[in-house]
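Please work from the sequences and hints to get the whole structure.
Letter by letter, the sequence shown follows residues 1 to 111 in my numbering.
To be clear, the hints were calculated from the coordinates, so they are not data collected in a lab. A virtual CB, placed ideally from N, CA and C, is assigned to each residue, including glycine. Do not take every clue at face value.
Here are the simulated distance ranges between beta carbons [said to hold, decoys possible]:
| no. | residue 1 | residue 2 | range |
| --- | --- | --- | --- |
| 1 | Ser67 | Ala90 | 14 to 22 Å |
| 2 | Asp24 | Arg101 | 30 to 38 Å |
| 3 | Asp59 | Pro111 | 23 to 31 Å |
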Amino acid sequence: MSKKFAVVLVGMMSVLAVHAQADDMQQIPLHIKDHAFVPAEVKVPADKKFKLVITNDDDNAAEFESSELNREKVVAGHGEITVFIGPLSAGTYGFYDDFHRDTTGKLVAQP
1 MSKKFAVVLV GMMSVLAVHA QADDMQQIPL HIKDHAFVPA EVKVPADKKF KLVITNDDDN
61 AAEFESSELN REKVVAGHGE ITVFIGPLSA GTYGFYDDFH RDTTGKLVAQ P
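Here it is, written out as structure tokens:
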């Protein structure tokens with residue numbers, strides 16, 4: 001086996017391992033409906049990575065934003081996004097829709 005082939009093979013295996021880990025992560029749904037997060041309080045596991053799957057049921061775009069989580073992502077009207085988060089220490093983390101500042105919610109990381 002050539003050295004070049006071995007390097008490519010190891011790289012591909014690394015990508016597959018990361019992809020497999022992402023598939024094993026807990027998926028937590030969050031909806032945006034009538035300019036509100038549903039549910040407004042989302043309980044998540046502390047000290048574990050997870051995928052927050054945000055579905056926008058409204059016609060207009062929304063922007064999921066949280067300075068505490070260091071995340072900012074636009075969700076098109078009737079669109080869906082996935083935000084990878086964690087691991088988080090136990091506690092409460094706020095988020096909001098930057099396009100509609102009155103639309104707020106929070107993640108509560110529990111042990």
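Quick rundown of the hints versus the structure:
1. Ser67 x Ala90: 14 to 22 Å: holds, 19 Å
2. Asp24 x Arg101: 30 to 38 Å: holds, 35 Å
3. Asp59 x Pro111: 23 to 31 Å: At 39 Å between Cβs, range violated.
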